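Engineer: Sequence:
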Amino acid sequence: MSDGRPGNREIADAFALLGDLLALEGAQRHRIRAYHRGAERVRDATASVADLAVAGRATQLPDIGPTLQAKIVELVETGSIAALEAAKERTPPGLVQIAALPGVGPGRAMALWTALGAGDLDALRAAAAAGRLTDVPGIGPKVAAGIAEALARPGADPGDALVGAGIALPLARAFAASLAAHPDVSRVEIAGGLRRGKEDVHDVDIVVATTAPDAVLAHVAADALVDRVVASGASTIAVASNRGVRVEVSTGPPERFGDLLQHATGSAAHNTRLRERAKRMGVSLSQHGWRDDDGEGGTPDEDGVYARLGLRTPPPELREDRGEIEWAASSQPFPRLVTQADLVGQVHVHTTWSDGTESIATMADAARARGHRYLGISDHSRALTLTRGLTPDRVRRQWDEIDRLNAGFDDGFRLLKCTEMDILEDGGLDFDDDLLEGFDLVIASIHSGLAQPADRITARLLAAIASPHVDVIGHPTGRKRPARAGAAIDIDAVVEAAAATGTLLEVNGQPPRQDLDSAMARRALDGGVRLLVSSDAHSVEALGYVEYGIRIARRAGATAADIANAAPWPWTA
DNA sequence: GCCGTTTTCGGCCCGACTGTTTTCAGTCG
-4 MSDGRPGNRE IADAFALLGD LLALEGAQRH RIRAYHRGAE RVRDATASVA DLAVAGRATQ
56 LPDIGPTLQA KIVELVETGS IAALEAAKER TPPGLVQIAA LPGVGPGRAM ALWTALGAGD
116 LDALRAAAAA GRLTDVPGIG PKVAAGIAEA LARPGADPGD ALVGAGIALP LARAFAASLA
176 AHPDVSRVEI AGGLRRGKED VHDVDIVVAT TAPDAVLAHV AADALVDRVV ASGASTIAVA
236 SNRGVRVEVS TGPPERFGDL LQHATGSAAH NTRLRERAKR MGVSLSQHGW RDDDGEGGTP
296 DEDGVYARLG LRTPPPELRE DRGEIEWAAS SQPFPRLVTQ ADLVGQVHVH TTWSDGTESI
356 ATMADAARAR GHRYLGISDH SRALTLTRGL TPDRVRRQWD EIDRLNAGFD DGFRLLKCTE
416 MDILEDGGLD FDDDLLEGFD LVIASIHSGL AQPADRITAR LLAAIASPHV DVIGHPTGRK
476 RPARAGAAID IDAVVEAAAA TGTLLEVNGQ PPRQDLDSAM ARRALDGGVR LLVSSDAHSV
536 EALGYVEYGI RIARRAGATA ADIANAAPWP WTA
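One point on numbering: in the working numbering, the residue at position 305 of the first sequence is 300, and numbering is uninterrupted.
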């Protein structure tokens, strides 16, 4: 990160806002999209786009042309973008929040402004309380009620609630199982963001192959998991589940299931690129199949959709319009992303020695039953008294128990002496070097002082990485949702240091953590850092949380070679 | 505003659904 220049997020936010304001003004929609695409491209970039722009090289990024580059340079040199400031003068920026309300949008937001003078959420709230919303042309009682409801909800992002994969995925599987049991259903797949491995999603998308959509949709509406029907049509239904999560089920004929699955998997940006490419080839593409001058058709399997366009099928986790379509068109095959089956063992689990619920022997049996060849026992260290963290004395007694148990395994399975050692508030380590020497593997994690400023947290991580005894940084940002957002650590500095020392960064699969997330994990891999995929299990069942870690690793583009515990023990550096 | 199997201009993905209309605009994904 360079000296005081605007960061990628600041640039992206500016372009996104300018796009939103232009949309309110009714500007040409392709111009609006150009700003929004540019914003996303900058947001995704790993290098400083401000630096690139000053060097005249930002236009090498897709979607960044001379105009956007000039505006980035202007932001660097003057601290603002004149076109954005002018747009803010013409159109109240508060309208952007109004346009983001569910069922509103740029058109209705502008109508509310011109008819009622409601330029921000507070003004809109007053107008709603006065019953004036239906005075606006194009707004009837239903839309007015929807707006009033959204305004009454507490929280800053009405209608934009995210749900973690730890909740959404089991729910999706329950719906999918119920659908699979229906006699008129021949295939069911979970699609959408969940299929793409996202750690948080807005809703659950499920696609179904059937020749009797009416019966299937009625079955969904009557499901015990359903609270109410939100929307329904001839081929799709959207329901609110009793967990509060929106679930959307789309149906299509079996012979065109591939088209439906591809469409519903997305992402929206990926699909748009794909259809633009198709159109250049003279093919119109939709969830129903393809159409060209000679006729129309469809494909039962997703591969057929891509093959028709001369493309390899990208792994769903990579379908985010980050260059995967160009990759799919090249001679270079996609990597084989890591799977759960690649994991040879786990090294971050807890037992009754600290705050786990099972003995070492029970966890070992469960790990062997999962096919693991090793299990690292990593109970907490002494500073974490709340979890009965181990003193050096208890550590040595735990080692004795591990030695005894290891002597009893006749199949080559091995328990490893590990620790999840606290990084103290001053950046010091909770155990002395001579004790650390005796562990097979040391995970260093932050559990206290999480309210410190991000640069202090980052400094503590860097201090731990610098220790020759620390092998892994555990759950690097410390997030544990919904209670705690992660620290805004300087991930670039952490990655650089970890790469220099060969320290691993953990992808903690425990659903409230999912830490690192996929964006940071991608940066780690780009920076030459390998990852540890963990369950952080405190019980037998929780060993399965590695699944969520694997999802994140895949979304980051990781192969088995990038994952430390996809290799047998002992690991080679 | 960006970009190229349409290559420096003329295009720019596609459809479902809802509510407000009275044939369609707006929103959403």
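FYI, nobody ran anything at the bench for these hints, they're computed from the structure.
Some hints here could point you the wrong way.
To be verified - Derived DEER-like restraints, expressed as beta-carbon distance ranges: (1) HIS25 / ALA176: 44 to 50 Å; (2) ASP296 / ALA22: 37 to 43 Å; (3) HIS25 / ALA156: 52 to 58 Å; (4) ALA514 / GLU542: 30 to 36 Å.
Since this is a predicted model, take the numbers as computed values, not measurements.
Ideal Cβ placement from N, Cα and C applies to all residues, glycine included.
Engineer: So, for every hint listed, does it hold in this structure?
Structural biologist: Here is how each hint holds up against the structure:
Distance hint check for HIS25 and ALA176: the Cβ-Cβ separation is about 46 Å, which falls inside the suggested range of 44 to 50 Å. A beta carbon spacing of about 41 Å between ASP296 and ALA22 agrees with the range 37 to 43 Å that was offered as a hint. The supplied range of 52 to 58 Å is broken by HIS25 and ALA156, whose beta-carbon atoms lie about 31 Å from each other. For the hinted restraint 30 to 36 Å between ALA514 and GLU542, the CB-CB distance of approximately 19 Å leaves it violated.
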